[in-house]
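Participant: Protein chains in written order, with the numbering used here: chain A, 1 to 346; chain B, 1 to 314.
Simulated from the structure, these hints should not be mistaken for lab results.
Given the structure is predicted, the values throughout are model-derived calculations rather than measurements.
Virtual Cβ for every residue (Gly too), placed ideally from N, Cα, C.
Be aware that a few hints might be false.
To be verified - Covered, in the sense of this in silico footprint (three residues per stretch, anywhere, with C-beta under 8 angstroms from a C-beta of chain A), are these stretches of chain B: (1) 78 to 90; (2) 99 to 106; (3) 118 to 129; (4) 193 to 203.
To be verified - DSBU-like cross-link-like pairs, simulated, lysine-lysine; straight-line CA separation at most 35 angstroms: (5) A:Lys-196 <-> A:Lys-326; (6) A:Lys-291 <-> A:Lys-326; (7) A:Lys-220 <-> A:Lys-49; (8) B:Lys-130 <-> B:Lys-206; (9) A:Lys-182 <-> A:Lys-37; (10) A:Lys-49 <-> B:Lys-130; (11) A:Lys-220 <-> A:Lys-182; (12) B:Lys-125 <-> B:Lys-252; (13) A:Lys-44 <-> B:Lys-130; (14) A:Lys-44 <-> B:Lys-125; (15) B:Lys-125 <-> B:Lys-206; (16) B:Lys-130 <-> B:Lys-181; (17) A:Lys-49 <-> B:Lys-29; (18) B:Lys-252 <-> B:Lys-29; (19) B:Lys-125 <-> A:Lys-37.
The chain contents come next:
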Amino acid sequence: MAPRILSYVEAVREAADQEMARDGRVVVFGLDVDDPKCIQGTTKGLLEKYGSGRVFGTPLSEDAMTGAAIGMALAGLRPIHVHIRMDFLMLAMNQLVNVAAKSRYMYGGQVHVPLVVRSMIGKSWGQGAQHSQGLYSFFMHVPGLKVVAPTTPHDAKGALIAAIRDDDPVMYVEHRILHFEKGPVPEEEYVVPPGKARVAAAGRDVTLVGISQMLLECLKAREELQAVGIDAAVIDPVWLAPLDIDTITESVRETGRLLVVDNGWTMCGAGAEIVAQVTERLQGQREIRVKRMGFEPVTCPPTPALEERYYPNGHTIAAAAHALVKGSTDWAPVRPEQDIQFRGPF
Amino acid sequence: MHARLYRAIYRIRRVEEEVARVYPTDRIKSPVHLSIGQEAVSVGVCDALQPDDVVFGSYRSHAYYLAKGGDLPAMVAELYGKATGCAKGKGGSMHLVDVAHGVMGASAVVGTTVANAAGYAYAVKLREEKRIVVSFFGDGATDEGVFHETLNFAALKALPLVFICENNHYAIHTHQRLRQKSTDVCARARAYGMPAERIEDGDVVKIREKVAAARAALIAGEPGPFFFECLTYRWKEHVGPGEDYHLGFRDKLEATPWIEGDEMRRVAALVAPAERARIEQEVEDEVAAALAFAESSPFPPADELYADVFGGGR
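Please take these sequences and the hints and turn them into a complete structure.
Facilitator: What follows is the structure in structure tokens.
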């Protein structure tokens with residue numbers, strides 16, 4: 001029988017639905033989770049099925065509602081707090097960093113905070129300065145928080161279930177463009193557990209690590225590299241904290257070349273962490289070459305004329321990987337038209 | 001009742017006086033924010049609660065921790081950084097916790113736990129439990145955005161929650177009137193849609209009665225939250241065992257009526273002398289034993305550094 005195909009949106013929705021049916025402690029709330037659009041459809045039907053006590057829209061109070069989410073978790077509920085943009089989490093940093101991350105430790109293990117915070121990174125069609133940021137490295141920095149950024153519909157479902165069942169706070173990072181992805185998703189419940197990366201494609205010549213939506217760009221780059229005889233491995237970390245550095249290191253041990261393509265800025269970013277950890281492990285054992293790519297070090301511009309230069313894409317990734325392998329920068333794939341699928345109006 | 005209230009106030013006062021006495025030895029390695037002079041608020045509120053009610057509070061945490069039933073030896077050991085502390089030496093004075101007795105924790109960041117209390121109260125309401133949540137905070141917290149966001153949410157959801165603003169007039173060294181154009185905290189609470197009342201004289205019996213009535217209403221199913229502003233006064237410096245009148249930001253004359261009208265002494269006079277003596281001796285013995293426990297307890301072992309970051313250890 002052919003595998004069942006679901007969209008990323010349907011996978012996220014199904015994970016929440018199945019967990020809410022299984023566990024009466026799971027509650028879902030956030031701005032507009034119960035409005036007609038249901039967060040792109042990711043919360044569709046939950047209100048009707050589970051009622052307004054367990055599924056509710058909130059005032060525009062990210063700080064207090066994050067604090068309330070923590071209080072619910074302390075009381076034994078398993079809250080899922082939804083933010084339609086990751087940028088909005090800046091209003092919730094005190095509660096996330098000072099309370100959610102620290103409570104288990106600073107209360108000597110007397111409490112724990114089983115909280116899931118869903119947030120979305122925007123891209124294209126004029127998202128601009130404050131609808132486009134991939135700020136997960138902020139959370140990777142803090143002991144006590146787990147961070148996951150699933151790329152495929154399969155992992156979106158399994159990682160959300162794992163996050164809900166986790167006894168500690170999990171930052172669950174979605175990408176608005178990935179919401180359109182479709183792929184095989186088993187109907188039954190399953191977990192994509194913390195600390196396990198996925199090898200999306202094997203390869204001998206260079207290791208590409210793609211975070212969140214950049215994984216898809218890395219896979220495009222892999223095809224272009226294949227055409228010129230370069231065999232790229234592509235790895236999806238899935239979980240950024242805890243990070244499966246072993247899987248990445250083993251690939252780089254074979255290829256000797258590492259290119260991390262971040263879905264954020266490179267300065268102090270997830271890519272910097274991955275490159276540093278791989279280098280620490282392989283130095284003295286094997287000569288390696290490394291490179292990071294990410295957002296250009298500017299604020300995201302909404303105009304397409306500048307925005308297309310702001311993000312890495314399959315072509316720029318392929319060119320950078322080619323340079324790592326061949327040692328020269330004289331090759332670049334022919335650039336076709338802009339290839340992002342998203343269409344307005346928003 | 002007076003004997004019980006006196007014991008509770010006297011006990012907190014004596015614990016903190018002993019903390020202040022030991023402090024110069026540097027055996028307590030934790031910033032302490034003493035409640036001396038403010039004990040009656042915590043005692044009045046917590047005497048109206050039941051064991052399964054829960055409280056959240058601020059870093060000025062000793063009084064409400066003890067008043068709610070938090071373990072005394074574990075508290076002192078926590079201040080000493082010992083393995084037997086309520087948080088195994090990993091919380092300190094500003095993060096006292098005793099879940100078994102409904103003390104859910106405290107934040108060093110002003111206003112933070114006000115929202116946590118609301119979330120806990122939401123869970124209590126969702127599960128239709130017959131208990132309530134109390135949020136203690138100071139006048140400084142009413143400057144913070146999270147205070148306003150939380151009051152709105154708590155009123156919107158009619159939560160079984162009692163807000164207690166312990167207004168000692170100062171945020172560190174800055175008087176409320178230098179931080180707020182309108183110092184009427186209760187007016188702001190009412191604006192969000194909840195009853196609010198100021199209790200101006202620090203009368204522990206009155207505070208107890210007001211909170212008991214609010215609790216009874218909540219348990220009977222009346223919509224919450226309730227809000228009380230309890231005026232009080234901090235006798236000691238913001239942090240540490242000493243006084244701070246020499247800094248010049250406040251006049252000792254401002255403190256005089258509070259110190260002369262000490263609620264502990266007022267309640268003491270309502271207890272028969274023989275009973276009072278017995279209470280005082282029992283408390284002295286208990287406090288001495290708690291200090292001895294803390295002194296003799298071991299420090300946490302090295303591997304405790306990595307415990308409790310996540311469930312399941314490292």
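Participant: Flag every earlier hint the structure violates by its number, smallest first.
Facilitator: Checked against the structure, the hints that fail are numbers 4, 7, 12, 16, 17, while the rest are satisfied.
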